[in-house]
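**Student:** Given next are the chains, with one letter for each unit.
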Amino acid sequence: MTKKSKAAKSQKSASKKQGAEKKPSLTFSMVANSQGTVSQRVDALTEKPLAAVKSDKNLQSVLKVLRNEKEPLKVRLAALQTLQAASFSVDVFEQSRGDYIATLREIVDDPDPELRQRVLGILAREKDGYAQQKLIEGLQHPEKQLVPPEKALQLLSYDVHANSYAVAREVVSKPPNEVARREALRLLAADASSAPLFEKILRDKDELAENRQIAASALHALKPEKLQENAREILLDKTEYKEIKATSLTALAQFGDEDEIRKDKALLKSVDRMSEEGTTKVKQTARRFLSKYER
Amino acid sequence: MNVELQINNSTTAATRFVTWAPSPCRIRVTNPSGATPPAVNVKLTGVSAASAGAVVFRQGTTGPFSDSLTLPVPVNGTSVRFFVAGKFGRPSVNNEDVTIEARDGTTLVGSIRLMVRIRKDANKLTPGERDRFISALAQLNNQGAGRFADFRDMHTDAGDLEAHGGPGFLPWHRVYLLDLERELQAIDPSVSLPYWRFDKAAPNIFTREFVGVSDNIGTVQFSPTNPLQFWKTDGVQGINRRPHFDTASEHPDLLTEAQTLARGTLFRQFREMQGNPHGTAHIHFGGSIANIDTAAKDPLFFMLHCNVDRLWAKWQRAVGRFNSLQASSYDTRPTNRIGHRLDNTMWPWNGITGGQRPPTAPGGTMAPSPCVAAPGLQPKVQDSLDYQGSINAVACMGFDYDDVKFA
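Heads up: the sequence lines are chains A and B, in that order. Its first residue numbered 1, the first sequence is counted upward by one per residue in the working numbering. Its first residue numbered 296, the second sequence is counted upward by one per residue in the working numbering.
Think of the hints as simulated: they come from the structure by calculation, not from any bench. Watch out, some of these pointers could steer you wrong.
Unchecked claim - With a straight-line cut-off of 20 Å between C-alpha atoms, the simulated SDA-like cross-links for lysine to any residue are: (1) A:K127 - B:R447; (2) B:K495 - A:T46; (3) A:K292 - B:E391; (4) A:K281 - B:N499; (5) A:K54 - B:D455; (6) A:K292 - B:N499; (7) A:K74 - B:R425; (8) A:K281 - B:H539; (9) A:K281 - B:R425.
These numbers were taken from a predicted model, which means no experiment stands behind them.
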């Protein structure tokens, strides 16, 4: 949507909302009205999210739209968004939560990939065991995939446990693509038994900079002394990539042991060089780092 | 002759921060040599660059502010009270970018540097303001091992009835944000929470240098100099956020600021904003910000809520709703659950667990401020309303928004 069309829509919406408001029951009769236009039905759904859960009749009407594969996708997505927005008003929403979650489980394998992904996202954030099982099954058996493997791993990261670690390790060793490998590494960042893997990745210059950064951060949590040690080595290594050097400098500037750094003349000299080279932002970071040590 | 200036009635550097609300200050003669008893007339003026903060003065608790103030100060060392406030529209950009000069005639007899510390639109921050904010936030998180974990744990399903289960929604989040802001200020006192104005496009916020840019699956990417690249919550690195709108040019489709402020003149009407625009802003993303239990994993969440609080502050100012004794300022229905009535203490700062309260109370008491006493270590719902001290000066909570006046 362009800025112009957004503004026009906003203006239309504003004039409508500032006028005499319809009662919720009238608004919601439009939600279920298949004669209404998509736009009318979406507006009816999104205008007052709390009205969707203030009566069981309204709730059931929204859930019915959400379940119905024959309904236009825009209307179904609006139904989902309305329920999500209402879920932030716990006192009003609590009585509807059971029906809401049950409906989401019903449609995790909906034919539409966007709806499927959003529904699985909500359930994963609710730490829903049924959704987690479906995501792990999809990673183990590609024919059962509901979302791409990288998305499944990302969603499993909301509730990491032994089963998801096992499947993430498999993805790291046999990745279907680089993004899936990255997401598997992120998921493993709290797994103590993965520390050797992260040490190996951090020192491997053939690895993607992003994966090496994940490895550095993971190691800091698993073996705290490793961040400073590795960041220092990377900064002193003249053959290292600029991006990973910038990451290492940022790590030391934010989380480094100030007493150790103050004594480390080789490191300070190396950062001094960075303050004269590199991008403007790297120079600024280096100068800020040095000013902390009065250089 | 020399004078000593005290901001917020203290000589310590930690108190040299003001907002639009008047801060109590003092001046006294510390070295009377050359002065003629019994008193000397000292003129106070704020000095700063055009792009920096600016201050105004008044002598008493009421009356207009002015750009300068002349006070008779006893040479025997007795303190004289006055008030300083930020000049509306002139917030500071850096710490100590305003100087108050005290002059006897043309002779400078004392000075003090301070900051007009104000919450600003995140989309309009200078690079320095932005970098200081994300640096403090990253340090508070300390890759998942820092104090931020408490703030993440306060905003979960376990405490959702306290935070979202009634009219205390706005008061609870006001105190929650202030608690976080004070922790950030303990790391860098020049930081204040910025707000994401979600009814306007905010291209400067969704960048790799600020809250990051989402890739195709919603994993947020940062520049290598952004410390948020080390963000970690619940043991997992990174931030998941998948916008359902073009963050470079669009904004979520929700009630505008004007529409929100026009919800009604009673708090009971206004608080319906919990659904739209508040809930609606949350669900314009996939990712952690879209659920109560996971929202606080994303730094953007705090900027979203800062705007929710700003809207409440703006509504309060527009219709005069600071007095908790007036029914229109709050929803006082007796059916409101515990934690949502005016005289209830708020969880988790009250430390109460079990029964109708959640089983744990993460984070301890409210962080104190060196500048103000309110809202106390265990705030009540009613303590959150008069945040500027408009009704009672001691209720001032020590924060302000760039577009909400004091009076």
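**Student:** Next, verify each hint and record whether it holds.
**Tutor:** Here's how the hints hold up against the structure:
no. : hint            : result
1   : A:K127 - B:R447 : 16 Å, holds
2   : B:K495 - A:T46  : 18 Å, holds
3   : A:K292 - B:E391 : 18 Å, holds
4   : A:K281 - B:N499 : 16 Å, holds
5   : A:K54 - B:D455  : 19 Å, holds
6   : A:K292 - B:N499 : 28 Å, violated
7   : A:K74 - B:R425  : 37 Å, violated
8   : A:K281 - B:H539 : 30 Å, violated
9   : A:K281 - B:R425 : 13 Å, holds
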